[in-house]
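Visitor: Listed here are the chains, written in short residue letters.
2 protein chains.
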Amino acid sequence: MENEIKIFSPATVANVACGFDVLGFCLDTIGDEMVIRKTEEKGIRITKIEGYDLPFEAEKNVAGVSALAMYKDLKPDCGFEIEIYKKIKPGSGIGSSSASAAGSVFGMNALLGYPLDKTKLTYFAMKGEALASQCEHADNLAPAIFGGFTLVKSANPLQILELPTPSDLYATLIHPQIEIKTSESRAILPKEIPLSNAIAQWANVGSLVHALHTSDYDLIKDALNDVVIEPYRKQLIPHFDAVKNAALKAGALGCAISGSGPSIFMLSKGKAVAEAVEEAIKNVYSETAIAFETYVSKINTEGIQVL
Amino acid sequence: MENEIKIFSPATVANVACGFDVLGFCLDTIGDEMVIRKTEEKGIRITKIEGYDLPFEAEKNVAGVSALAMYKDLKPDCGFEIEIYKKIKPGSGIGSSSASAAGSVFGMNALLGYPLDKTKLTYFAMKGEALASQCEHADNLAPAIFGGFTLVKSANPLQILELPTPSDLYATLIHPQIEIKTSESRAILPKEIPLSNAIAQWANVGSLVHALHTSDYDLIKDALNDVVIEPYRKQLIPHFDAVKNAALKAGALGCAISGSGPSIFMLSKGKAVAEAVEEAIKNVYSETAIAFETYVSKINTEGIQVL
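Taken in order, these protein sequences are the chains called S and R.
If you read the first sequence in this note's numbering, its first letter stands for residue 1, the second for the next number, and so on.
If you read the second sequence in this note's numbering, its first letter stands for residue 308, the second for the next number, and so on.
Any given hint could turn out to be false.
[What the hints assert, rightly or not] Straight-line alpha carbon distances no greater than 25 angstroms define the calculated SDA-like cross-link-like pairs of lysine to any residue that follow:
| # | chain 1 | residue 1 | chain 2 | residue 2 |
| --- | --- | --- | --- | --- |
| 1 | S | 221 | R | 520 |
| 2 | S | 127 | S | 154 |
| 3 | S | 191 | R | 497 |
| 4 | S | 269 | R | 461 |
| 5 | R | 434 | S | 197 |
| 6 | S | 221 | R | 461 |
| 7 | S | 181 | R | 503 |
| 8 | S | 191 | R | 328 |
| 9 | S | 249 | S | 270 |
| 10 | S | 191 | R | 532 |
| 11 | R | 541 | S | 196 |
| 12 | S | 75 | S | 43 |
| 13 | S | 234 | R | 504 |
[What the hints assert, rightly or not] What follows is a set of in silico ranges between Cβ atoms, one per label pair, in the way DEER data are often shown:
| # | chain 1 | residue 1 | chain 2 | residue 2 | range |
| --- | --- | --- | --- | --- | --- |
| 14 | S | 279 | R | 466 | 29 to 35 angstroms |
| 15 | R | 313 | S | 245 | 49 to 55 angstroms |
| 16 | R | 501 | S | 183 | 18 to 24 angstroms |
| 17 | S | 157 | R | 359 | 44 to 50 angstroms |
| 18 | S | 192 | R | 417 | 44 to 50 angstroms |
| 19 | R | 593 | S | 119 | 39 to 45 angstroms |
| 20 | R | 385 | S | 159 | 52 to 58 angstroms |
| 21 | S | 242 | R | 381 | 42 to 48 angstroms |
| 22 | S | 242 | R | 466 | 26 to 32 angstroms |
| 23 | R | 491 | S | 159 | 33 to 39 angstroms |
| 24 | R | 422 | S | 157 | 48 to 54 angstroms |
| 25 | R | 494 | S | 29 | 52 to 58 angstroms |
| 26 | S | 119 | R | 501 | 24 to 30 angstroms |
In short, the hints are calculated from the structure, not lab data.
For every residue, glycine included, the Cβ atom is placed at its ideal position computed from N, Cα and C.
Whole structure, please, built from the sequences with the hints as guidance.
Guide: Structure representation (structure tokens):
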């Protein structure tokens with residue numbers, strides 16, 4: 001058995017317009033790299049962090065916290081070193097903390113000969129995610145670990161569904177380089193919502209799941225509509241409406257906030273459309289004073305990959 | 308072309324636990340019979356009604372109103388007579404008015420050589436349904452016309468999705484012979500619901516759609532859960548909790564209010580379980596002073612049938 005593994009831990013998009021707190025999908029071209037190494041010395045040590053300034057103490061680092069949770073449960077006869085090559089900017093809304101939290105437990109599980117299934121890995125990763133977001137949720141972790149589209153049926157007990165991914169689906173993303181505080185993006189949400197909006201939203205969730213099963217791109221387009229969360233959270237993202245209008249005009253099937261933002265994602269049929277959408281949203285943001293990054297990515301059906 | 312057609316117009320279950328206002332499925336053994344006849348004399352005439360005391364004037368009868376709506380739109384060079392052999396008790400919560408409203412337009416469409424698709428038939432049937440329920444909705448009409456499980460993605464524009472039906476799924480129903488006023492079952496619902504409940508509900512709707520696609524009976528069981536409507540409406544149905552407990556104990560995958568009640572439906576894997584569930588709920592209601600009917604039915608994947 002190998003003593004060291006290098007992995008690609010992908011960025012992810014949570015919520016997917018209509019599926020607040022339950023739906024997510026996995027990206028392909030954006031993600032962290034991590035090296036996990038078995039050591040004779042017991043315990044979890046983070047030995048290298050590149051890219052962003054994050055804590056080395058395992059108890060204060062999301063990758064360390066998830067690793068410790070799994071380590072305490074499995075009690076293996078070894079320890080682990082973790083190296084993190086962080087490419088996903090923390091706070092970008094595309095699952096930066098999830099990539100770290102999922103990557104460490106995935107790597108450890110591989111080095112131990114895969115004793116845990118993906119749901120159990122997600123369970124431990126949630127402990128790390130909780131450090132970053134103050135609550136245990138799996139809507140970014142599930143797509144990172146399972147790949148493709150996922151539905152978190154329930155968090156407790158943890159139940160994750162793997163949804164099919166139509167083969168010609170591409171994501172475009174824009175990450176405006178602004179900071180949205182998690183506390184603010186939470187506080188802005190209503191505690192209660194109109195029943196009529198809830199009905200529209202669950203019709204959309206059901207339709208999107210059906211559309212993924214039938215590769216019905218027209219229905220994906222109709223279902224990618226968030227009447228519950230977006231009206232509140234889009235206020236925190238400058239030029240959201242302009243980006244959305246430009247993206248839809250350029251042919252995107254849908255456009256919505258990625259996670260709690262500030263990133264915005266679009267889904268398109270085919271790479272050419274996804275790239276045209278990228279051009280259109282670049283044009284919108286180029287006219288502002290806000291720095292930004294854009295990406296085009298196939299949906300990653302594999303999740304975390306061994307390199 | 309035939310000048311007369313005899314049809315079976317089935318009872319249906321709307322809401323299906325988690326899918327309030329959007330999901331429905333079609334029953335097999337319970338339904339009305341109707342005869343639709345082409346006449347040289349123009350107009351729509353209801354010439355026979357057996358079973359229940361309903362108005363003969365087309366403008367006051369749901370089957371007549373939907374027929375008139377379609378008739379005025381198509382302007383055919385003939386008229387139609389409608390005979391209604393009503394078996395589904397009005398107000399039972401299993402789509403009695405929908406069976407009538409859908410049956411007349413289905414029969415007329417057949418006699419005219421099928422000029423309209425099923426969505427357009429549902430559109431006209433909604434005009435009749437509105438007479439009975441004071442609003443245009445399609446959650447019973449769609450399963451009656453399309454068969455199987457349906458999801459009404461939106462009412463305006465009307466968009467109906469046909470969901471797959473696992474082959475071994477059976478429904479059990481109990482119809483307590485009490486009257487619930489539609490106005491009362493509406494008034495009891497909250498205008499706003501907690502966001503957390505809405506999230507649980509759309510996780511269930513997405514899960515149920517996935518479960519139907521994958522014939523995953525365990526997941527059907529987990530998804531058949533209504534945290535939004537049932538807590539309010541069950542108060543209107545005597546012994547609801549006792550029925551539900553008995554049904555689940557007897558092996559039902561789930562149990563919830565059919566439409567706005569008073570009927571209660573259960574879904575089970577296999578006919579034997581559905582029949583055991585029927586026995587269990589009969590036992591509950593036999594100890595009460597309330598008269599009741601029970602039924603076991605395969606899911607009807609065809610919808611309205613020509614006899």
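Visitor: A separate judgement is required for each hint: does it hold in the structure or not?
Guide: Structure-based check of all given hints:
Straight-line distance between C-alpha atoms of residue 221 of chain S and residue 520 of chain R comes to about 20 angstroms, which keeps the hinted pair within the 25 angstroms bound. For the suggested pair residue 127 of chain S and residue 154 of chain S, the alpha carbons sit about 16 angstroms apart, so the restraint of at most 25 angstroms is met. The hinted pair formed by residue 191 of chain S and residue 497 of chain R meets the criterion: a straight-line CA distance of about 14 angstroms does not exceed 25 angstroms. Between the alpha carbons of residue 269 of chain S and residue 461 of chain R the distance comes to roughly 23 angstroms, so the proposed pair stays at or under 25 angstroms and holds.
Under the criterion of a C-alpha separation no larger than 25 angstroms, the hint pairing residue 434 of chain R with residue 197 of chain S is consistent with the structure, at around 24 angstroms. Taking the CA atoms of residue 221 of chain S and residue 461 of chain R, the gap is near 14 angstroms; set against the 25 angstroms cutoff, the hint holds. At roughly 21 angstroms between alpha-carbon atoms, residue 181 of chain S and residue 503 of chain R fall within 25 angstroms of each other, so this suggested pair holds. Annotation: proposed proximity of residue 191 of chain S to residue 328 of chain R holds, straight-line Cα distance about 22 angstroms (limit 25 angstroms).
The straight-line distance between the Cα atoms of residue 249 of chain S and residue 270 of chain S is roughly 15 angstroms, inside the 25 angstroms bound, and the hint therefore holds. A hinted pair counts as satisfied when its Cα atoms are at most 25 angstroms apart, and residue 191 of chain S with residue 532 of chain R qualifies at roughly 21 angstroms. A distance of roughly 20 angstroms separates the Cα atoms of residue 541 of chain R and residue 196 of chain S; the hinted pair therefore holds under the 25 angstroms criterion. The straight-line distance between the Cα atoms of residue 75 of chain S and residue 43 of chain S is roughly 10 angstroms, inside the 25 angstroms bound, and the hint therefore holds.
A C-alpha spacing of about 23 angstroms is found between residue 234 of chain S and residue 504 of chain R, which places the hinted pair at or below 25 angstroms, so the restraint holds. In this structure the supplied range 29 to 35 angstroms holds for residue 279 of chain S paired with residue 466 of chain R, their Cβ-Cβ distance being about 31 angstroms. Separation of residue 313 of chain R from residue 245 of chain S is about 54 angstroms and conforms to the stated range, judged on CB atoms against 49 to 55 angstroms. A beta carbon spacing of about 20 angstroms between residue 501 of chain R and residue 183 of chain S agrees with the range 18 to 24 angstroms that was offered as a hint.
Distance hint for residue 157 of chain S and residue 359 of chain R: a CB-CB separation of about 47 angstroms, consistent with the stated range 44 to 50 angstroms. Here the CB-CB span from residue 192 of chain S to residue 417 of chain R is close to 47 angstroms, well matched to the stated 44 to 50 angstroms. For the pair residue 593 of chain R and residue 119 of chain S, the supplied restraint of 39 to 45 angstroms holds, since their beta-carbon distance comes to about 43 angstroms. A C-beta distance of roughly 56 angstroms is found between residue 385 of chain R and residue 159 of chain S, which places it inside the suggested range of 52 to 58 angstroms.
In this structure the hint that residue 242 of chain S and residue 381 of chain R lie 42 to 48 angstroms apart at CB holds, the actual value being about 45 angstroms. As the Cβ distance of residue 242 of chain S to residue 466 of chain R is approximately 28 angstroms, the hint placing it in 26 to 32 angstroms holds. Checking the proposed 33 to 39 angstroms range against residue 491 of chain R and residue 159 of chain S shows it holds: the Cβ atoms sit about 36 angstroms from each other. Restraint check, residue 422 of chain R to residue 157 of chain S: a C-beta distance of roughly 52 angstroms satisfies the suggested window 48 to 54 angstroms.
Between residue 494 of chain R and residue 29 of chain S, the C-beta spacing of about 53 angstroms keeps the proposed range 52 to 58 angstroms intact. The supplied range of 24 to 30 angstroms is met by residue 119 of chain S and residue 501 of chain R, whose beta-carbon atoms lie about 27 angstroms from each other.
The structure agrees with every numbered hint stated previously.
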